[in-house]
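Assemble the whole structure, with the sequences as input and the hints as a guide.
Heads up: the sequence shown is residues 448 to 1053, going by the numbering used here.
No lab work stands behind these hints, which were simulated from the structure alone. No residue lacks a Cβ here, since even glycine has one placed at the ideal position from N, Cα and C. Incorrect hints may have been included.
To be verified - Keeping only pairs whose Cα atoms sit at most 25 Å apart, straight-line, the calculated DSS-like set for lysine-lysine is:
(1) Lys-1011 to Lys-951
(2) Lys-912 to Lys-1032
(3) Lys-1032 to Lys-1013
(4) Lys-763 to Lys-907
(5) Lys-942 to Lys-1011
(6) Lys-700 to Lys-907
(7) Lys-951 to Lys-1013
(8) Lys-942 to Lys-507
(9) Lys-1013 to Lys-942
(10) Lys-553 to Lys-507
(11) Lys-753 to Lys-1032
(12) Lys-912 to Lys-700
(13) Lys-507 to Lys-463
(14) Lys-763 to Lys-912
(15) Lys-611 to Lys-881
(16) Lys-903 to Lys-763
(17) Lys-1011 to Lys-753
(18) Lys-700 to Lys-763
(19) Lys-611 to Lys-553
(20) Lys-1032 to Lys-903
(21) Lys-951 to Lys-753
(22) Lys-912 to Lys-753
(23) Lys-700 to Lys-903
(24) Lys-505 to Lys-463
(25) Lys-753 to Lys-763
(26) Lys-1011 to Lys-507
(27) Lys-907 to Lys-1032
Stated by the list, open to error - Pair ranges (Cβ atoms, derived):
(28) Glu-679 to Gly-968: 42 to 50 Å
(29) Ser-839 to Pro-790: 40 to 48 Å
(30) Leu-689 to Ser-815: 15 to 23 Å
(31) Glu-983 to Asp-462: 50 to 58 Å
(32) Gln-496 to Gly-987: 31 to 39 Å
(33) Thr-486 to Glu-679: 45 to 53 Å
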Amino acid sequence: MADSLGTTDVAAALDKVQAAVQQGLLTASAAENIRAWLTETRYAEYAPQVVEHVDQAKWKPLDDAFWTVIPFGTGGRRGRMYPIGSNAINDRTIGESAQGLADYVKEQHSGGGELSCAIAYDTRINSRHFAELCAGIMVAAGFRVYFLDDYRSTPELSFLVRYKQCSCGIMVTASHNPPSDNAVKVYWSTGGQILPPHDQAIIERVMNVQEIHREDFQTAVADGRVVICTGESNAAFVQAVLSQRQPGPRDLKVIYSPLHGVGASAVCPVLQADGFTDVEVFEPHREPNGQFPNVPGHVSNPENPKVFEAIIQRAKQIGADLILATDPDADRMGAAAPLTLNPDAGWATFTGNQLGSLLVDFVLENMSGLTPDHYLVKTLVTSEMIRRIGESYGVRTYGDLLVGFKWIGGTMDEVGPDRFVLGLEESHGYLMGKHVRDKDAAVACMLMAELAAAAKAVGKSVHEKLDDLYWQHGYHAEAQVNLFMEGSEGMARIKALMQSVREKPPASLAGMDVVAVRDYGNGHRRLTGGAVEPLEGPTGDLVMLDLAQPGNYVAVRPSGTEPKVKFYTFAFVPAEQLADLDQTKIDIHQRLEQLETELRSLADQV
448 MADSLGTTDV AAALDKVQAA VQQGLLTASA AENIRAWLTE TRYAEYAPQV
498 VEHVDQAKWK PLDDAFWTVI PFGTGGRRGR MYPIGSNAIN DRTIGESAQG
548 LADYVKEQHS GGGELSCAIA YDTRINSRHF AELCAGIMVA AGFRVYFLDD
598 YRSTPELSFL VRYKQCSCGI MVTASHNPPS DNAVKVYWST GGQILPPHDQ
648 AIIERVMNVQ EIHREDFQTA VADGRVVICT GESNAAFVQA VLSQRQPGPR
698 DLKVIYSPLH GVGASAVCPV LQADGFTDVE VFEPHREPNG QFPNVPGHVS
748 NPENPKVFEA IIQRAKQIGA DLILATDPDA DRMGAAAPLT LNPDAGWATF
798 TGNQLGSLLV DFVLENMSGL TPDHYLVKTL VTSEMIRRIG ESYGVRTYGD
848 LLVGFKWIGG TMDEVGPDRF VLGLEESHGY LMGKHVRDKD AAVACMLMAE
898 LAAAAKAVGK SVHEKLDDLY WQHGYHAEAQ VNLFMEGSEG MARIKALMQS
948 VREKPPASLA GMDVVAVRDY GNGHRRLTGG AVEPLEGPTG DLVMLDLAQP
998 GNYVAVRPSG TEPKVKFYTF AFVPAEQLAD LDQTKIDIHQ RLEQLETELR
1048 SLADQV
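Printed below as a string of structure tokens:
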């Protein structure tokens, strides 16, 4: 209990908390967690703030901050920042994450040897503060810390873990979440995010942290326990990315936007060194700023076409050939391009699946010595167009992976990285090369610029190149529906929706019968007639509804990082059935819109 609080103060606060529960102003679970923060020694420094909130009857903020314990998932901890609370990102929850990681890694290295941890941070509010906090905790636990002393990308953190042969790594970022959020991503010695069996063991340590031990950051820098290696790491990282460059023309005018994030530290030097000298950084998005002031809704997500609207206007003014954008921690890449090379042509963005398909074909087309042992890696919710392109070049695809690039990195290490070609996921994450075990927007931007320059040299836009792939492999179209369900009520709705989809799926969607339910939670594929067959693949909270028309299906899963359910819709028309591609695009777009309407209605009924 905090020294500044007396027993009477705490007792009075607890009485008020209980009264708030009885009045329906506070959930019982929030009251339980508030009690812990008021009475347990490990939370003593935060107790005065909790009491202040109680005395001021801030029941809504208290309920939001305490109704649950923010999960330490298999990648780390992510959520809304608030100075107190078990369900918020603050010094305590971030500190628990670093302390739990340190405790587990030390157990794994009980035989001795130097322990080390790489740490980096992005442009978000409090990212530097949390990075120094984590560094102080790791130093106190006996680790040497390799620290990137400026805004740097998540893939560079993955690179640094491998480059310095660290025991683990911590990246402070909430990726493309709103400005209110922050997080830590935790990395293993492979440079990949933690996988079984380490993930559950680290989660257990984090959830049971009592005391957090910390050293002063500046003192640790002065005595060499924190090693600043920003320049060295960045130079080596850029060279590692450049080792994946492809031959070809470089005549291309590019506009690049870091969306107020870290990307300029990697993307700009890579493009310059690769021969792209005509690159303009979009000025309104240049400033590193965790408020993301100049993007729609203040959410810097290159998956969202709206973030490109202002950039496209600039591109038209200067006659640019390609727009590239990266999210705040520069592990995702988005792009837009003119529909044709006509100077008056309209512009359009690309989906993550379209970019992935283009990159796969471009890289495979340029590779020599391909063998059946070369391979691509994708997730279950990434377009099957990837597999079809791979098959046309005689390479295999590992595609039965849950959502999350950590599974792609794990497959690289399991199969062997020497024959690895590309890893990709629909959410704009791509990797070529062995330098990291995470998605890397720098290498993706470089390859995309090379691809656009190659298409331009033969008189085609990138969109026309994509149409060529549709004619060859069939028309594939995909879309996402995101349904946010926040708080304790939202969590209950998410669980109810997943149960409903599993047990009582709709009979049809968009005029197509639902013929089977693939439930990766129990490893079964249940046919509509009632027959059940084993389902090969991973185990996770993912359900897929197969529709009567082959290649058309829906995937449903709760997000692992945000309070929402994601519906993924997939449509396909085989190449041999394509007669009028433009009309097919219109028809399939209408089908995807109908699927969205029916899925939203399905969710509303839960």
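Hints, verified against the model:
For the hint linking Lys-1011 to Lys-951, the alpha-carbon distance of about 20 Å falls within 25 Å, and the restraint holds. Note on Lys-912 and Lys-1032: the hinted pairing holds, with a Cα-Cα distance of about 15 Å set against a maximum of 25 Å. Our distance criterion of 25 Å between C-alpha atoms is met by Lys-1032 and Lys-1013, whose separation comes to about 23 Å. With a C-alpha separation of about 17 Å, the suggested pairing of Lys-763 with Lys-907 holds against the 25 Å cut-off.
Under the criterion of a C-alpha separation no larger than 25 Å, the hint pairing Lys-942 with Lys-1011 is consistent with the structure, at around 11 Å. Taking the CA atoms of Lys-700 and Lys-907, the gap is about 15 Å. The hint holds against a cut of 25 Å. Annotation: proposed proximity of Lys-951 to Lys-1013 holds, straight-line Cα distance about 18 Å (limit 25 Å). Between Lys-942 and Lys-507 the alpha-carbon distance is near 23 Å, which keeps this suggested pair within the 25 Å criterion.
With a C-alpha separation of about 13 Å, the suggested pair Lys-1013 and Lys-942 falls inside the 25 Å cut-off, and the hint holds. Between Lys-553 and Lys-507, the direct Cα distance comes to roughly 40 Å. Violation of the 25 Å bound is thereby established for this hinted pair. Annotation: proposed proximity of Lys-753 to Lys-1032 holds, straight-line Cα distance about 21 Å (limit 25 Å). Between Lys-912 and Lys-700, the direct Cα distance comes to roughly 18 Å. Compliance with the 25 Å bound is thereby established for this hinted pair.
Distance check on the hinted pair: Lys-507 and Lys-463 sit about 14 Å apart at the alpha-carbon level, within 25 Å; holds. Distance check on the hinted pair: Lys-763 and Lys-912 sit about 20 Å apart at the alpha-carbon level, within 25 Å; holds. Distance restraint check for Lys-611 and Lys-881: the Cα-Cα separation of roughly 15 Å lies within the 25 Å cut-off, and the hinted pair is therefore satisfied. Using a Cα cut-off of 25 Å, the hinted pair Lys-903 and Lys-763 holds, with the two alpha carbons roughly 16 Å apart.
Distance check on the hinted pair: Lys-1011 and Lys-753 sit about 21 Å apart at the alpha-carbon level, within 25 Å; holds. The straight-line distance between the Cα atoms of Lys-700 and Lys-763 is roughly 11 Å, inside the 25 Å bound, and the hint therefore holds. Note on Lys-611 and Lys-553: the hinted pairing holds, with a Cα-Cα distance of about 18 Å set against a maximum of 25 Å. Proposed proximity of Lys-1032 and Lys-903 is supported: the alpha carbons are some 24 Å apart, at most 25 Å.
Only pairs whose Cα atoms come within 25 Å are accepted, and Lys-951 paired with Lys-753 is rejected, the gap being roughly 36 Å. Taking the CA atoms of Lys-912 and Lys-753, the gap is about 23 Å. The hint holds against a cut of 25 Å. This hinted pair checks out: Lys-700 and Lys-903 have alpha carbons roughly 11 Å apart, not beyond 25 Å. Proposed proximity of Lys-505 and Lys-463 is supported: the alpha carbons are some 11 Å apart, at most 25 Å.
With a C-alpha separation of about 16 Å, the suggested pair Lys-753 and Lys-763 falls inside the 25 Å cut-off, and the hint holds. Between Lys-1011 and Lys-507 the CA atoms are separated by roughly 20 Å; this keeps the pair inside 25 Å, and the hint holds. For a cut-off of 25 Å, the pair hint linking Lys-907 to Lys-1032 stands: about 19 Å separates their Cα positions. Checked against the hint of 42 to 50 Å, the pair Glu-679 and Gly-968 passes, with Cβ atoms roughly 45 Å apart.
Taking 40 to 48 Å as the suggested C-beta distance range, the pair Ser-839 and Pro-790 does not conform, at roughly 34 Å. Range check, Leu-689 to Ser-815: Cβ separation about 19 Å, and the 15 to 23 Å hint holds. Hint check: Glu-983 to Asp-462, Cβ distance near 56 Å, so the stated range 50 to 58 Å holds. One distance hint, 31 to 39 Å for the beta-carbon pair Gln-496 and Gly-987, holds here, with the actual separation near 37 Å.
Under the hint 45 to 53 Å, the C-beta atoms of Thr-486 and Glu-679, about 48 Å apart, fit the expected range.
Taken one by one, the earlier hints fail for this structure at numbers 10, 21, 29, listed in ascending order.
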